[in-house]
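K.L.:
If you're matching them up, the sequences are chains A and B in order.
Our numbering numbers the first residue of the first sequence as 1 and each following residue consecutively.
Our numbering numbers the first residue of the second sequence as 1 and each following residue consecutively.
Don't take every hint at face value.
The list makes no distinction among identical chains, and a pair is therefore deemed to hold if it is satisfied within one copy or across any two copies.
Stated by the list, open to error - Within a straight-line C-alpha distance of at most 20 angstroms, the following computed SDA-like cross-link-like pairs (lysine to any residue) qualify:
id, residue 1, residue 2
1, Lys-72, Phe-263
2, Lys-183, Glu-2
3, Lys-63, Gln-6
Keep in mind the hints are simulated off the structure, nothing from the lab.
Just so we're clear, the structure is a prediction, and the values are computed from it rather than from any experiment.
2 protein chains.
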Amino acid sequence: MERVEQHACAGGRQEVWKHRSDVLNCEMKFGIFLPEVATRGEPCPVLYWLSGLTCTEQNFITKAGAQAHAAKHGVIVVAPDTSPRGDEVADDPAYDLGQGAGFYVNATQAPWSAHYRMQDYVAHELPELVERHFAANGQRGIMGHSMGGHGALITALRHPGRYASVSAFSPIVAPSQVPWGAKALTAYLGEDRQSWTAWDTVELIKQASESLPLLVDQGGADEFLSTQLRPELLEQACQTTGHPLTLRRQPGYDHSYYFIATFLADHFAHHAQALGR
Amino acid sequence: MERVEQHACAGGRQEVWKHRSDVLNCEMKFGIFLPEVATRGEPCPVLYWLSGLTCTEQNFITKAGAQAHAAKHGVIVVAPDTSPRGDEVADDPAYDLGQGAGFYVNATQAPWSAHYRMQDYVAHELPELVERHFAANGQRGIMGHSMGGHGALITALRHPGRYASVSAFSPIVAPSQVPWGAKALTAYLGEDRQSWTAWDTVELIKQASESLPLLVDQGGADEFLSTQLRPELLEQACQTTGHPLTLRRQPGYDHSYYFIATFLADHFAHHAQALGR
Numbered sequence: 001m002e003r004v005e006q007h008a009c010a011g012g013r014q015e016v017w018k019h020r021s022d023v024l025n026c027e028m029k030f031g032i033f034l035p036e037v038a039t040r041g042e043p044c045p046v047l048y049w050l051s052g053l054t055c056t057e058q059n060f061i062t063k064a065g066a067q068a069h070a071a072k073h074g075v076i077v078v079a080p081d082t083s084p085r086g087d088e089v090a091d092d093p094a095y096d097l098g099q100g101a102g103f104y105v106n107a108t109q110a111p112w113s114a115h116y117r118m119q120d121y122v123a124h125e126l127p128e129l130v131e132r133h134f135a136a137n138g139q140r141g142i143m144g145h146s147m148g149g150h151g152a153l154i155t156a157l158r159h160p161g162r163y164a165s166v167s168a169f170s171p172i173v174a175p176s177q178v179p180w181g182a183k184a185l186t187a188y189l190g191e192d193r194q195s196w197t198a199w200d201t202v203e204l205i206k207q208a209s210e211s212l213p214l215l216v217d218q219g220g221a222d223e224f225l226s227t228q229l230r231p232e233l234l235e236q237a238c239q240t241t242g243h244p245l246t247l248r249r250q251p252g253y254d255h256s257y258y259f260i261a262t263f264l265a266d267h268f269a270h271h272a273q274a275l276g277r
Numbered sequence: 001m002e003r004v005e006q007h008a009c010a011g012g013r014q015e016v017w018k019h020r021s022d023v024l025n026c027e028m029k030f031g032i033f034l035p036e037v038a039t040r041g042e043p044c045p046v047l048y049w050l051s052g053l054t055c056t057e058q059n060f061i062t063k064a065g066a067q068a069h070a071a072k073h074g075v076i077v078v079a080p081d082t083s084p085r086g087d088e089v090a091d092d093p094a095y096d097l098g099q100g101a102g103f104y105v106n107a108t109q110a111p112w113s114a115h116y117r118m119q120d121y122v123a124h125e126l127p128e129l130v131e132r133h134f135a136a137n138g139q140r141g142i143m144g145h146s147m148g149g150h151g152a153l154i155t156a157l158r159h160p161g162r163y164a165s166v167s168a169f170s171p172i173v174a175p176s177q178v179p180w181g182a183k184a185l186t187a188y189l190g191e192d193r194q195s196w197t198a199w200d201t202v203e204l205i206k207q208a209s210e211s212l213p214l215l216v217d218q219g220g221a222d223e224f225l226s227t228q229l230r231p232e233l234l235e236q237a238c239q240t241t242g243h244p245l246t247l248r249r250q251p252g253y254d255h256s257y258y259f260i261a262t263f264l265a266d267h268f269a270h271h272a273q274a275l276g277r
């Protein structure tokens with residue numbers, strides 16, 4: 001582990017670390033914000049943020065204004081990269097496949113399966129690393145945007161009891177049924193659609209063993225709303241199974257960080273309550 | 001004038017416009033945040049933000065979290081680019097001269113004098129444009145960072161009565177006495193150092209005809225503190241002349257937007273009070 005950035009921010013510290021990931025078999029970076037209490041060694045809950053297509057660990061830490069909220073609630077925030085990286089890692093010229101587009105799954109198909117195990121990274125290796133090296137109290141929440149909203153929802157649903165809270169901005173809720181998702185799942189998991197159901201929020205909701213409440217914000221002017229995001233599919237699945245969902249449609253808002261920054265305080269409040277802050 | 005970006009944000013709208021500048025003789029872009037009251041046509045004060053070396057109109061609007069503060073106070077925020085732009089505009093391979101480094105002066109030396117009249121642009125042409133096209137009430141404040149902190153201070157000091165308030169983050173307070181400033185002023189204004197005094201905050205303070213209070217935040221871990229910024233020169237000039245200055249040294253903070261985002265709420269409060277918000 002090597003610290004590659006360190007900035008005083010909001011009374012605490014925004015840092016970026018790089019480390020060798022065993023799961024992904026490459027070097028990875030993640031951003032971590034430590035509120036002032038954590039810099040003094042007081043154990044704090046950790047809130048994970050998963051970013052969307054094309055993003056790195058930088059987008060959320062520079063654009064969302066998250067540090068002020070994290071400082072207010074005394075929460076550590078960890079923002080990993082969105083895929084394995086490096087010259088030896090398989091890639092694709094398209095923005096929606098390969099590096100920058102890991103989709104938070106464990107790939108089973110060549111050439112992706114050699115590195116693309118982002119689910120194991122975000123759900124296991126990264127939390128273990130964070131809890132070993134920083135003042136974490138073992139409580140966890142998870143949230144994300146777009147592909148990362150999908151990542152947050154499936155990661156929480158696939159690991160009952162592991163996260164105290166989950167939320168998403170403009171998530172891809174049914175990757176099996178939309179172009180971005182079908183393309184990525186075909187590449188990473190193969191043609192057998194049955195294997196996709198373990199990575200699809202709408203499918204996972206149908207078999208959920210715990211009723212972790214979902215908070216989802218969706219912009220009404222989002223350019224991907226009706227083609228890639230389709231929040232009505234999540235709404236229907238939650239209605240059918242009685243899964244608790246707060247879906248807020250925000251008229252006029254698009255898919256950008258201007259949308260995320262506007263409503264992020266509400267997401268922090270949602271997580272902080274569940275995390276005892 | 002053409003709107004090239006529009007995003008709902010913080011209950012209002014973040015927009016980017018491009019227009020032909022007569023003063024700069026090129027096409028320019030600026031960001032403008034309109035709080036909800038301004039989108040309904042209610043006249044609001046306008047707060048100008050001047051960015052630092054290498055920046056465009058994008059840095060402040062995407063990284064500072066300013067929109068939430070502007071929405072709270074009902075203030076329009078305008079963030080111009082930092083220099084004239086385009087293939088026909090003189091440039092230099094260095095990051096601290098030419099495009100991205102206009103230093104908010106009116107150049108008198110070839111080849112710069114053909115386009116580099118950033119002072120006339122930010123103090124006259126841009127405000128006139130903004131006040132003609134948006135719901136502005138004629139009240140103005142100005143602030144900025146680094147080269148833009150210098151820009152905000154000299155622009156307010158050169159135009160007594162034009163700005164109700166001024167503030168700066170990590171400003172270059174004495175360009176005549178530091179490497180960044182001496183290089184730029186030599187190129188844009190020539191070797192005669194007497195001509196530089198009209199563009200140097202420490203020199204302008206000595207002849208100020210009004211006592212506009214200055215709010216300045218300076219990070220203690222800023223990598224440019226002792227070589228380029230030298231806030232003690234401003235402190236001495238204000239002490240000598242009795243000019244009101246609040247200089248806040250913030251231990252541990254660097255030159256980045258993490259510093260700006262941390263203390264920006266205080267700057268908005270400073271301006272809002274003077275602007276009657």
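K.L.:
Using 20 angstroms as the alpha-carbon threshold, which applies to Lys-72 and Phe-263: within, between, both, or neither?
P.N.:
both (15 angstroms within a copy, 14 angstroms between copies)
K.L.:
Checking Lys-63 and Gln-6: alpha-carbon separation at most 20 angstroms within a copy, between copies, both or neither?
P.N.:
Cα proximity of Lys-63 and Gln-6: in one copy and across copies (17 angstroms, 17 angstroms).
K.L.:
Taking 20 angstroms as the upper bound on the Cα-Cα distance, should Lys-183 and Glu-2 be classified as within, between, both, or neither?
P.N.:
Neither: 35 angstroms inside a chain and 37 angstroms across chains, both beyond 20 angstroms.
Violated hints amount to a single one, hint 2; each of the other numbered hints is respected by the structure.
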